[in-house]
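Work the whole structure out from these sequences, hints included.
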Amino acid sequence: MADGVIIHEPVTPRAATLHAHGEFDRDNCDRFATAVYVELAAGRRVIDMNMRHLDFIDAACVATLLDCRARAFAVGAELRIGEAAGIVAQILDITAVPRLHGPSGGAHRWTRRSVPRDPLSAAAEVVATSGYLVERARVLVAQTRRLLTAIHS
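Numbering-wise, the sequence shown is residues 797 to 949 according to the working numbering.
One should not assume that every hint holds.
What the hints assert, rightly or not - Pairwise CB distance ranges (calculated):
{"#": "1", "residue 1": "Pro809", "residue 2": "Leu944", "range": "46 to 56 Å"}
{"#": "2", "residue 1": "Leu936", "residue 2": "Arg876", "range": "29 to 39 Å"}
{"#": "3", "residue 1": "Ala946", "residue 2": "Pro809", "range": "48 to 58 Å"}
Hints were generated in silico from the structure; no laboratory data involved.
Note that CB positions come from ideal geometry on N, CA and C, so glycine has one too.
Set out below in structure tokens:
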């Protein structure tokens, strides 16, 4: 399981900022939904999801964020995703999140922190991400084997 944390920062009675830290994947992406729903229940109508300190997200997290955005819109609120950098910004770009338009026809709010990219650091980031994914795959294979052994014994 990834080690992601979300810190709530109420800004006003109608607005809040959520700061995502660490790594999020399908095992813990429900923390995004919980954080957004808590703020919506508190009456917040503008929720900024700050991803400055987020190191990794996967497709399940992107789907969860889009579901949260739709839920916010359904109650007259707005979820804004911003400050993504590195691999997180790349994942959001690849999945077209910055270009999505909401049900109201308005552009999805997006802020991307400008980070100078040198080819060596980009390559190192790809290697590090690949290493993480390979290790995660090993863990999942081991867990699957344990489950299969338990089922068949």
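Now for the hints, and whether the structure bears them out:
1. Separation of Pro809 from Leu944 is about 52 Å and conforms to the stated range, judged on CB atoms against 46 to 56 Å.
2. Between Leu936 and Arg876 the beta carbon distance is about 33 Å. The supplied range of 29 to 39 Å therefore holds.
3. Between Ala946 and Pro809 the CB atoms are about 50 Å apart, so this pair conforms to the stated range of 48 to 58 Å.
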